[in-house]
Structures are given as structure tokens and as C-alpha cells.
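K.L.:
Listed below are the residues making up each chain.
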Amino acid sequence: MRKSWFLTLAMLLVIGTVLAGCGSNNSSSGNQVFNMNLSSEPPTLDPALAQDSVSFTVLTGLYEGLTRKDSTGKVIPGVAETWDISDDQKTYTFHLRKDAKWSNGDPVTAHDFEYAWKRVLDPNQNPASPYAYQLYYVKNAQNYNIAADNPNHITDPEQVGVKATDDYTLVVQLENPTPYFLSITSFWTTYPVHSSAKDNAAWAAEANTMITNGPFKITTWKHGNEIDLVPNENYYAKDEIKLSKVHFVMVSNSSTELQMYKTGQLSYSGAPTGEIPTEQIATLKGSNPDEFNNQATASTYYYNFNTTKAPFDNANIRKAFAMAIDRTQLVEKVTKGGQQPAFGFVPPSITGENKSFREEYPDIDLLKPDVAQAKALLEQGLKEKGLSSMPTVTLTVNEGTGHKQVAEAIVDMWRKNLGVEVKIETQEWKVFLKNRQSLNYDIARAGWSADYNDPMTFIDMFTSTGGNNDIGFKNAQYDELVKKAYASSDQHERMQLMSQAENILVKDNMAILPLYYYTGVHMVKKNVKGIVMDYQGMIDYTRASVE
Amino acid sequence: MVRYWIGKLFSVLVSLFILATATFFLMKAIPGDPFTAEKAVPPEIKAKLMSFYGLDKPLWDQYVTYLKNLVHFDLGMSMKSQYQTVSSIIADSFGYSLRLGILSIIVSVVVGVGLGILAAMYHRKLLDSAAMILAVLGVSVPNFVVASLLQYVFGVKLNWFHVAGLNGPLDYVLPIIALASLPIAYIARLTRSTMLEVLSAEYIKTAKAKGIRKRVIIFKHALRNGILPVVTYLGPMTANVVTGSVVVEQIFGIPGLGQYFVGSVSNRDYTLIMGITLFYAVILMVARLLTDIVYGLVDPRIGLRSRKGAA
Numbered sequence: 029m030r031k032s033w034f035l036t037l038a039m040l041l042v043i044g045t046v047l048a049g050c051g052s053n054n055s056s057s058g059n060q061v062f063n064m065n066l067s068s069e070p071p072t073l074d075p076a077l078a079q080d081s082v083s084f085t086v087l088t089g090l091y092e093g094l095t096r097k098d099s100t101g102k103v104i105p106g107v108a109e110t111w112d113i114s115d116d117q118k119t120y121t122f123h124l125r126k127d128a129k130w131s132n133g134d135p136v137t138a139h140d141f142e143y144a145w146k147r148v149l150d151p152n153q154n155p156a157s158p159y160a161y162q163l164y165y166v167k168n169a170q171n172y173n174i175a176a177d178n179p180n181h182i183t184d185p186e187q188v189g190v191k192a193t194d195d196y197t198l199v200v201q202l203e204n205p206t207p208y209f210l211s212i213t214s215f216w217t218t219y220p221v222h223s224s225a226k227d228n229a230a231w232a233a234e235a236n237t238m239i240t241n242g243p244f245k246i247t248t249w250k251h252g253n254e255i256d257l258v259p260n261e262n263y264y265a266k267d268e269i270k271l272s273k274v275h276f277v278m279v280s281n282s283s284t285e286l287q288m289y290k291t292g293q294l295s296y297s298g299a300p301t302g303e304i305p306t307e308q309i310a311t312l313k314g315s316n317p318d319e320f321n322n323q324a325t326a327s328t329y330y331y332n333f334n335t336t337k338a339p340f341d342n343a344n345i346r347k348a349f350a351m352a353i354d355r356t357q358l359v360e361k362v363t364k365g366g367q368q369p370a371f372g373f374v375p376p377s378i379t380g381e382n383k384s385f386r387e388e389y390p391d392i393d394l395l396k397p398d399v400a401q402a403k404a405l406l407e408q409g410l411k412e413k414g415l416s417s418m419p420t421v422t423l424t425v426n427e428g429t430g431h432k433q434v435a436e437a438i439v440d441m442w443r444k445n446l447g448v449e450v451k452i453e454t455q456e457w458k459v460f461l462k463n464r465q466s467l468n469y470d471i472a473r474a475g476w477s478a479d480y481n482d483p484m485t486f487i488d489m490f491t492s493t494g495g496n497n498d499i500g501f502k503n504a505q506y507d508e509l510v511k512k513a514y515a516s517s518d519q520h521e522r523m524q525l526m527s528q529a530e531n532i533l534v535k536d537n538m539a540i541l542p543l544y545y546y547t548g549v550h551m552v553k554k555n556v557k558g559i560v561m562d563y564q565g566m567i568d569y570t571r572a573s574v575e
Numbered sequence: 151m152v153r154y155w156i157g158k159l160f161s162v163l164v165s166l167f168i169l170a171t172a173t174f175f176l177m178k179a180i181p182g183d184p185f186t187a188e189k190a191v192p193p194e195i196k197a198k199l200m201s202f203y204g205l206d207k208p209l210w211d212q213y214v215t216y217l218k219n220l221v222h223f224d225l226g227m228s229m230k231s232q233y234q235t236v237s238s239i240i241a242d243s244f245g246y247s248l249r250l251g252i253l254s255i256i257v258s259v260v261v262g263v264g265l266g267i268l269a270a271m272y273h274r275k276l277l278d279s280a281a282m283i284l285a286v287l288g289v290s291v292p293n294f295v296v297a298s299l300l301q302y303v304f305g306v307k308l309n310w311f312h313v314a315g316l317n318g319p320l321d322y323v324l325p326i327i328a329l330a331s332l333p334i335a336y337i338a339r340l341t342r343s344t345m346l347e348v349l350s351a352e353y354i355k356t357a358k359a360k361g362i363r364k365r366v367i368i369f370k371h372a373l374r375n376g377i378l379p380v381v382t383y384l385g386p387m388t389a390n391v392v393t394g395s396v397v398v399e400q401i402f403g404i405p406g407l408g409q410y411f412v413g414s415v416s417n418r419d420y421t422l423i424m425g426i427t428l429f430y431a432v433i434l435m436v437a438r439l440l441t442d443i444v445y446g447l448v449d450p451r452i453g454l455r456s457r458k459g460a461a
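Residue numbers (my numbering), protein chains in the order written: chain A, 29 to 575; chain B, 151 to 461.
These stretches of chain A come out as covered by chain B in the derived footprint (C-beta under 8 Å, 3 or more residues):
#1 68 to 78
#2 147 to 157
#3 224 to 235
#4 269 to 279
#5 458 to 466
List of simulated lysine-lysine pairs, DSS-like, C-alpha gap at most 25 Å:
#6 A:LYS502 x B:LYS196
#7 A:LYS502 x B:LYS189
#8 B:LYS307 x A:LYS554
#9 A:LYS146 x B:LYS196
#10 A:LYS226 x B:LYS196
#11 A:LYS270 x A:LYS554
#12 A:LYS313 x A:LYS553
#13 B:LYS196 x A:LYS462
#14 A:LYS403 x A:LYS413
#15 A:LYS337 x A:LYS413
#16 A:LYS411 x A:LYS451
#17 A:LYS535 x A:LYS396
#18 A:LYS462 x B:LYS207
#19 B:LYS189 x A:LYS462
#20 B:LYS178 x B:LYS189
#21 A:LYS313 x A:LYS432
#22 B:LYS307 x A:LYS313
#23 A:LYS167 x B:LYS189
#24 A:LYS444 x A:LYS396
#25 B:LYS207 x B:LYS178
#26 B:LYS189 x A:LYS511
#27 B:LYS218 x B:LYS178
#28 B:LYS189 x A:LYS337
#29 A:LYS167 x B:LYS196
#30 A:LYS432 x B:LYS189
#31 A:LYS553 x B:LYS307
#32 A:LYS364 x A:LYS313
#33 A:LYS126 x A:LYS97
#34 A:LYS383 x A:LYS511
Bear in mind the hints are in silico, worked out from the structure with no lab data behind them. Just so you know, even glycine gets a beta-carbon here, dropped at the ideal spot from N, CA and C.
Isolated chain B (complex conformation) (with noise of 0.2 Å):
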């Protein structure tokens, strides 16, 4: 078990150190500097901000640099945003990101596996084909049409939302739509495949034949084995909601971090970058370690030991 652990977090260290290196030195390889504009800075200006932030220096120096740094969790100050660093910048607008991605994810299993038990229950009815038409819909409609949509709709038609902004519960409702239709159509499928492959196995059945009522059935027994998939899907969903919902925040105003990636790549604000980008890739493993763990807790069967034999 420890020594599964200890593996896990050289095997995330290793990453991290290769993402690192990897765009440290690419984002470097990229033409420009921070200090390039359409009125171009005086020379002797320009040559004395260069070596205020060290960018006078040798790459390796710099790299070098930037890795001890790193290592004390000192990811400096951004070059565009004077006196701000790149900790408090992903502190702040991380916040947003991460109110609105709990509260999408939520109302997506909430709603997806709802849907899904109600297909499943009502298989091959009315109602079934009603949430899979839902389903694919929201499955091949791109978040950005569905939040433009909405925006369009609800806040300049029908004017019951602001358009833009986040400055009172009412203001999550619509990027939370649009962030969740997607996620909300794939876990309902595959709540509603898993259900019904669960539903004919021998134990439901054995169940149904004690004449234990559907509801006891479904919510007690078929459920927990049915939710399965959806906890693997949970992981990468976590990390891309979070982290993938750029453009829902541009479109809806919202001072989420992908504005600020997005930007600092633009503006050459090489600390904002690299930070940035580990930051992404940290929460991005935490959320395969945490499937991990839950998975196990969910289904006995699977054993950290047993994984990693596999693997």
C-alpha cells in the first residue's frame, strides 16, 4: 500500500518536472518577449527591463532559476500585471472557476444519473426516448452554441437573467446550463446503460422476486453498481470542467483563470504561463488520484493492490 503511494507521487513528480521543462523551453522558443508592443519601447528602456526580470540572462540560467523557485513554491510575479504574483493571480480568478465547476458537476450527476435511472426504468417508452433525445442533444451541441443560446434567450429576450457578470446567485444559472449540458447527456447515458445491463443481472432479479418494491430496488441495489462508470467519468470531468471552461466564461463575462491563460500566453507573461500550466497539470492528477481511491471505495473488488498489478 505505501509503496503503491510513494510510486503514485514520484510517478506525478516526474510528470510535473517533464511538463516543466517542456514548456519553459517552448514557451521561450516562441518569438517575442513581454515588453514587445506596436509602439516599441526604447531600446535602453526595454534592455533595462529585460534584466529587471531576468531575461537578460542565459536560457539555462533562467530555467535554473525558475526550478529552485519552483521547488520553495515561489512561482514569481506575472510581467504584465505590475506587482501582482502569479500565486494571487490563480487564487483569485481560480475561485470563480471552481464555484462554477462544483456547481455544474453536481447538478450533472444530479441530473444525469436522474435522467438515466428514469430511462433506464422506462426503457424503450415515452419517456425514455424523451431523455435520450436530450442526451444526444446535449452530447453534439458545443457548450459555447448552448451558452450563447441561453444568453440570448434569457438575458436579451426574456430578460430574466444578466447577461454577463457574477454577482448574485441568480447569475450561476445560466453558465452552469451551459456548462453541464454536455456532461449532463453523457452520465445519463451511461447511468441508463449501466442500469439496464444491472437491472437483468440475477440479484436484481432474485430481488424482484422477494416482491422488495422498485423504488428499494433501484436506489438501494441496482444503483450503487449502476453509478460505477460514472464515478471513472467523474475524474476527467472534474478536471475539464474546471479547467476547460474558457470559453463559457468569456462569453458569460466571468473572471475565471482560462481568461487569464489564454492572455498571458498573448502577452509572453512567461511566470503567468508556467504557472498557470503546473497548476492545471496538478489538479488535473490529483483528479486521476482521487478516482482512484473512490473507485476503490465504491467497489470492493478493485483493490489499489490489484490496480497496480495491473498496470
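Isolated chain A (complex conformation) (with noise of 0.2 Å):
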């Protein structure tokens, strides 16, 4: 007997010791606070090194820049309090509030950001920032920030165009005039970094280590688990912050997102850093009205034709294909998302002159469908190429929500209207980016998200040097266009040589299949007040409050 009697004591003692490491209950169901769902655990929390949604939309909540956006869009002062522009626009110097604290006490000054800014161009930064370039505008940045193979290497950091002239100055010079720098101003590779992360290389990587200067402070990183934020008691605007916590998750399935959101464990579901189930939208767009949103987001999806390999060398052929889509149809009963039919590259939410670019420039004008023109224009392709019918092609796209069935639904398309029969192969992700770079498809998926509130953000993809032109396509004009428009500081001549480009690129030669415009389709609960989804689809929740 007592043998058993040391074994259930043993027992008891087992799970209760599993037990005590659950963990306490902290109750998200709290006044004034904002749950939401990260996906995964973000790579980093470094400015410098950050380069996804996940890891931007906490670093959102956490830092401040010189410049932030309004609810429209419109940049207003952050950190800077007001800005001069020389009259060529190539010296931008930036006037800091004097009240501006990191969540240390210390004051925020100009050398925070010289020192940020240099730290992300510093060619022996170890791993290196793979958003420097966001940072190449500034004058003689990127022959600092390139040392290996480069004959215009600069090696002294005084060079580089970012200067602290005194504490709360910062003066900044320019490569070209860049009528969008003060947009870049707000954007997460430019905030400042507190001069404490010289001493600690993993500064970024435990909550504990990090001193930020944004609206609210980190206090929980349970690695791949959750993330807490609390308001930053130095911020200098700290009254308008009504948030009393940030709770993130990284709940990686998507139904689960939804279960959590519907039974009141998360306050926000869906894009940028979740997602709603594509079969699921249709159905919380009825139910849930007041919480359902589809906003346009500056991202366009499109095919690329591999311009360099028959039949797609030819303009006729790739025509044909762009011209037999339904769109419409595509939008309404495939990916149902609210998303918009693309006849253009640069989608609607990317700012123009005056109003949105594509509001100036429409994109009807680039491509309008039409079956029989389209089967005229395939007969007149296959005659230029000397083919008596269309050979065999492959459309290549990858694993992943919702690919597979555009793919279906346009082949079925090309079936129809074209009569010709198009293979669908789906790949693993870094399988098919792979391909895709080295141009080993016929047509492949693609999509292309703003990085800047500007076209060129799009049209500079494509010229003969671009890192991400994969679809081989080379023409001197266009290239010529893109660096007169680099170069002009006139906003008026700057818009009308990217739509000539644009139009080089689809109406001419149809190098890209422009399919829809993305929304970002994501639900907010009814009592949650001031969240902003920006052009780009990320989101501020900095201004937000519970009612």
C-alpha cells in the first residue's frame, strides 16, 4: 500500500509543478487595451534593421521620427517641430522640439538621429541594414554605406549629408531634390536610436535593454509568445495617448485570428500583420458592417512575362494575354476582397501632383480589355514568331493564400477567350523568388507594395539596372525617363515623366500583367476609436482609445 501512496504523491507533485509554470492570468479584457495579432514573432526591434510588417508595426508604437502622419495621410511634426527647405530643395534642416525624452528621461536631440542614420549606412555594421537604402537620398549615403567592388567609396562618415549642428538642429543634405523625403522622414529605417545600443549589439533583442523615444514603451517580449506595451511617461505628448496597454499576440493560423477576435480576445484582426480567411469575407462583410474594412492599400498584384524567352518576347503575344482578363469577375468572385481591377502599375492610393496619381493619369488609358482584339492581336504575335499555334507555357505562382485560384480563374480565362491551355505549377516561396529573379518562368506571380508616397516607388522597378526587375525587360527610353524624373524638382514635369514611363511599360509593351489593386481587408471591434490604416496598409494605433 504504501508504494502506491508514494506514487500518487509523486503525481501530484508532477503536475503541480507543471502547473505553477503556466504562467499567471493577465486578463486582456482590461479598459484601454489594444489587442492585436503579430502573426509571428517579429525578427528584430532595431530601426536599422527592420524590414517587415511585423516587426514595423510594433516599432510604431515604440519610436517617434523627425516627421509623423496624420489620420489623411498629411505629414505633421513628430520629433521635428518645424523644417526649412533651400530654395533647390536639396537642404532640408530639421528644428527639434526641445521637450522630446527617451523612456529613460533623456533628452532626444539631433545627434540621436545622426547617429541613427550613419549607424544604418555604416558599412562595417554587423548584420548589416537591409533598408539602407531607404536612406540613399541623403548625400554621398550610399558611396559610404558601399565599400566592396565601389571606386566612389567614401570612407569618412563627415561626409555623409546628415549633421547635428547643435542639439536640437539637424541639417540634412540630398543627392537629388526629393519632393517625398518628408514622407521618408516618418519612415522606420529613419528613427533615432538611443547612443546606449554602441555599448550592447543585442540591445534591440530582450525588452529590458530597449530605451525608445516613441509614444509608448516595452515592458514583456515573451519570445514567439506575446508583446506588451505601456504609455512612455516621457513622451512629450504623452496627454493624447489614451491606450493604458499594447498587447500582441503571434497566433500564426488564421481561423484561430478570427475565433480570438469574435470572442473578444483580440480588438483588431486582418491586414497588415494578420489575415482574414479569404472564404470568410463575404460573410463578416454582411454580419459585422460596422466592423469590416477594405481599405485600398498601395500594393498591386500582378503576373510578370519573363520578356526574354518566346513566345513572351513578343509585344503582341503578352498583349493578348493582358487583354483577355476579366478582372472584374476576378475581383468579385475570386478574391473577393473589395480589391480593385488593375489596368495600370501605380495603384490609387499613391499621391500624384494635386490629387492621386491615378486620378491624373488614368489607367483605362494603359489597357483596356477586349476579347476579340485580343485574339487578333495572339494570331498577329504567333504569325511575327512564325508559330503556327501557341506553344505550351507554364504560369508559375506560389504557395500561399488564395494564389492557386487567381491562377485557376485566369487560365480558365485564357481557355476561353484565347483558346490557348496554360499550365499552372505552384512552388514553395523562396523556390519560386529564386526563379523569378533568375528568370527561369514564362509568367510568374508578382506583387509590389509602396516603400514612399510617390510613383516612383513603382516605376523605378523597372529600369535596365533595377534589383527588381525580373522580368528582363530593358528599354533605353524608359530608362532615360526615370533619371530625368529623378533629377527634376518640378512635381508637375516629375508625374508626367512617370506616366510616360508607365505607359512605355504597359500600354507598349505589356512587360507586366497588371491584375488588381490590394486592399487591406481587416476588422476593428465597434468600441475601439482612432485606428489608422495608412496609404500603404500599416497601421497607427498610437491615437487609438477604447470607448
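Since each chain comes alone in its own frame, lean on the hints to assemble the complex.
P.N.:
Below, the structure written as C-alpha cells:
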């Protein structure tokens, strides 16, 4: 009998120990708490190393740059109170507010910005900042950042065009007049970094070593599990901050995320860091119209043509494929997220000279779907190539939400409208990227999102030397137009040049096949106010409140 | 005895070495690298990143370096999560998987053996059929279906439990049931059939003839032999529950090691892939060794020496 008592006791002990380790129950339903899903662990919280929407979303609460954006996307003062721009638009002088403080009480100075920007560009910084090119607008920045095989390499950081002339004045010199530079100064890569980062390379890997200057500070970072932000009492505008806590979870399963939202464990669900399952979108839109939102974001979904390989080295064949697609049916029947059919490359939420770029230069001038004309163009193209019929080609897509369904719908349209057979091949994400980058495909799925609010973030992608030009497109006239637009400080002229370039890319050559402009499908609980989704589809929760 | 253990240890080390080598070269054979992204990193910056992580060196060089570090128990840094060591990622996340695993093993054994004994005691009666119907269900319904069902009924509809997360003791209930459903069914069937066999053995008949109470016969005399197959199953089950709960963990939003394993492959986070693979392998091997030991303890007829002879 003694033995079995011992066994029971041992069992109880094991269960007790295990349960004791289960952690405390922190209620997530408290007042003024914003609960959001990140889906995965942020790879870093160092502004210099961040390059993904998960890291950016957390950084938005933790830091503030020289400028911020208001709810309409307008640039407003951040750490910089005012700024002067020289007549040639190549020198920006930022005057910093004197009451900005780090979470440990230190003042935020111009030196912190100079240090942070030079840290991003430092050729010896390890690991290298993958988004360093966001600062290449700054004079000598690129030649300082790139050391290998660069005859123009600059070793002296003093020659980089960013300088704190005193504690509260930052002078920035640019390579070219860059009309959108102010919006760059609210970009995550340009956030200031506290000088304590010098002594501890791993400072941004744990909550207790992070000193930040934003509306919130980080109190908990359980890797792969959760992150908690609470208001930073040293923030200069702390009266504007209503939330008492921002609680991030990392749940990778989208249907679990939706269930958590429905039961109140989350106050927000969906883009940019979460996902609402496609098959649920229609139902949710009907059942929760006050909470559902599918705002347009500055991203385009399109297909790459491999312009270096037959048969898609022929413009008429490319045009035929592009004109034979009914995009309205695609967005209404397949993607269902309120996406807008795309006939150009630059999405509607990108700003032009006065209105949006798309309002000023409508995309319907670039591409008009027309089945009869598509057939004629295909015939003409095949004749030019000396072909009697369309050879079998493959459409390559990556694994993941809905890409296969979109591909199937489009292949079906090609079959019906052009009488051609196209095979579909699905590849794992990185295998797919590798094949696409080495031009190992016929047609491949692609998507591009804006880095800044200007058509250039789309247009300069397809220059002959562009690092992301994975369609093999080379056009001297196109390169010339982009070069002219870079150098111009006249907004009207820039927009015209970029519109002409887009004409060459889409209308004349149909080097890519635009399908639709993305939307950021998400849901916010009715009692949560003040969540702002910007033109890019990223969200700002810093001024939110719970009613 | 000593020779037996040395032999065992040697075979474990050789298996680990072969596994490490195969995984290393297979993983490097997959196209792509940790820095491939939709927005291509400029080639110059990418070259710097590759050299920082030693990925610009010849493959053999990388392999030898990795093995050298491995001998010193250094699994390296993750290439995706900046400044996180592979060992700290494993330590952080495996805690959740282990806690869930241990709890669901305890639940499976207690409930499974209990059901099995009941079924054997009431052989061919209502209770027997009920227990076996439950067991057939448990074996045939995959655990992710059980998990989604539990989540929907008890989380969303009845609101008795949180849908996901592991913040309090109550949050463990649903995942444990989901994880334990298959082992419970399996153990119940195992226990039932061996108990039936044992209960008809001569020594039990003798005990009955001596007028010992039924309860004492079952728990004191029959169970010790009846539980033997369960012990054999315990090793693989432990390894299975602790390492193979990826889908259930995903459904309940549990930050266990499984999600990192899946993520590491799609991120081409080479050091993390290696680290987790080897860690899982060690667990599997240790579980097998423990089974051998426990088996010897429960059944004295099976000595370690004689097992070696058989092998």
C-alpha cells in the first residue's frame, strides 16, 4: 500500500510543478487595452534592421521619427517641430522640439538622429541594414554604405549629408531634390536610436535593454508568444495617448485569429500583420458591416512576363494575354476582398501632383480588355514569331493564400477567350523567388508594395539596372525618363515623366500583366476608435482609445 | 552492462552525426537563402549579410565549422531572429511544448489505462462497448479535427475557455484533450486486450480461488503485467506528443517549438533548422533508451544483457 501512496504523491507533485509553471492569468479584457495579432515573432526591434510589417507595426508604437503622419496621411511634426527647405530642395534643416525625451528621461537630440542614420549606413555594421537604401537620398550615403567593388567609396562618415549642428538642429543634404523626402523621415528606418546601443549589440533583442522615444515603451517580450507596450511617461505628447496597454500576440493560424477576435480576445484582426480567411470575407462583411473594412492599399497584384524568352518576348502575344482577362469577375468571384481591377502599375492610393496619381493619369488609358482584339493580337504575334499555334507555357505561382485560385480563374479565361492551354505550377516561396529572380519562368505571379508615397516607388523598379527588375525588361527610353524624373524638382514635370514611363511599360510593351490593386482587409471592434490605416496599409494605433 | 551502455551511446552519437550531415547538405540543396525576399535586398548589402553569417564560404568549410561548434554545444545564432541564439529559442519555446506534452501523457495514461481496465472488467457488457466506441473514435479522428471542434464548441459557442493562448491553467484544458485523444484510445485498447489475456492466466485463477477481492486482483496482480505493452508504447508516445504537436499548437496559438521548426524551413534559417532537428533527434533517442530501462524495471525477465543478445 505504501508504494501506491508514494506513486500518487509523485504524480501530484509532477502535476503541481507543471501547472505552477503555467504562468499568471493576465486578463486581456481590461479597459483601454488594444489587443492585436502579429502572426509571428518580429525578427528584430532595431529600426536599422527592421524590414517587415510585423517589426514595423511594433516599432510604430515604440519610436517617433522627425515627422509623423496624421489620420489623412499628411506629414505633421514629430520630434522635429519645424523645418526649412532650401530653394534647390536639396538641403533640409530640421528644428527639433526641446521636450522630446527617451523612455529613460534623456533628451532626444539631433545627435541621436545623426548617430542612427550613420549607423544604418555604416559599411562595417553587422548584420548590415537591409533597408539602408531608404537613406540613399542623403548625400554620399550610398557611396559610404557600399564598400566592396565601389571605386567611389567614401570612408569618412563626416562626408555623409546628415549633421547635427547643435543639440536641436539637424541639417540634411540630399543627392537630388526629393519632393517626398519629408514622408521618408517618418519611415521606420529613419527613427532615432539611443546612444546606449553602442555598448550592447544585442540591445534590441530583449525588452529590458530597449530605450525608445515613442508614445509607448516595451515592458514584456516573450519571444514567439507576446509583446506588451505601455505608455511612455516621458513622451512629450503623453496627454494624447489614451490606451493603457497594447498587447500583441503571435498566432499564426488565421482561423484561430478570427475566433479570438469574435470572442473578444483580440480588438483587431486582419491586415497588415494578420489575415482574415478569404472564404470568410463575404460572410463577415454582411454580418459585421460596422467592423469590417477593406481600404485600398498601395500595392499591386500582377503577373510577370519573361520578356527574354519565347513566346513572351513578343509584345503582341503579351498584349493578347493581358486583354483577355475579365478583372472585374476576378475580384468579385475569386478574391472577394473589395480589390480594384488594375489596368496600370501605380495603385490609386499613391499621391500625384494635386490629386491621386491615378486620378490624374487614369489607368484605363493603358489597357482596355477586349476579347476580339486579344484574339487578333495573338494571331498577329504568333505570325511574327513564325508559329502556327501557341506553344504550351507555364504560369508559376507561389504557395499561399489564394494565388492558386486566382491562377486557375485566369487560365480558365485564357482557355475560353484565346483558346490556349496554360499549365499552372505552384512552388514553395523561396524556391519561387529564386526562379523568378533568375528569369526561370514563362509567366510568374508578383506583387509590389510602396516604400514611400510617390509613383517612383513603382516606376523605378523596371529600369534596366533595377535590382527588382525580374522580367528582363530593358528599354533605353524608359531609363531616360526615370533619370529625368529623379533629377527634377518640378512635381508637374515629374508626374508627366513617370506617366510616360508607365505608358511604355504597360501600354506599349505590356511587360507586366496588371491584375488588381490590393486592399487591407481587416476588422476593428466597434468600441475601438482612432485606429488609422495609412496609404500603405500599415496601421497607427498610438492615438487609439477604447470606449 | 557497461559494454552495453557504451555501445548504446556510440550508436546514438553515430546516428546524430549521420543525421546532422544529411540535414546540413539537404537543407543547403534547397534553392533560396535566408535573405531572399519579395523586395530583393541590393546585391551589395546581401553580400555583406552572407559574409557576416559565413554563407559566402565553400559548403565544406561551412559544414566543418558547424560540426566544430556543435561539439562545443554551440548551436549558433538564428539568421532570422536577430541576436537570438538557437539554444535560447529552443529553451523558450520547448518549455510550452514540454509542459503540454507531460500533462497530456499523464492524462492519456491515467484515462487510457482506466478505460482499458473498466472495459476488461466488464468484458462484453455495456461499459466495454462504450469504452471501445470511444477508443475507435479517438484513433480514427485526427487530433486537429478534435482541436478545431473543441475550440469551436467550448471556446466560441459556450465561451467556457479562451479560444487560444496559454495564460492560465484553464487554457491547458482544450489542447490537452486534443493531444491526448489518440493516445487515450490507443492505450485503452492495449490495456483492455492484455488485461483480458492476463485475467485468464493461471495465477489470477489461483488468486480468485483463494477468494481475494476482485479489486485487489485487478490492481495488485493483473495490472503489473497488463501495463507492460503500455510502457513500451510510452517511449514513442512521449517523443510523439512532445515533438509532433505542431498542428494542435497552431490551432490553439501555443508558442511551442513546432511553429519555429516549420518557420525555420520556410525562412531558410539554417542554424535554427539544424538546431531543432538535432534537438528532436536527441529527444527521440533518449525516449527510446528510457523505454528500454523502464521495460527492464517493470519486467525483470527482460534483462538488458539478454536484449543485447537478441539484437
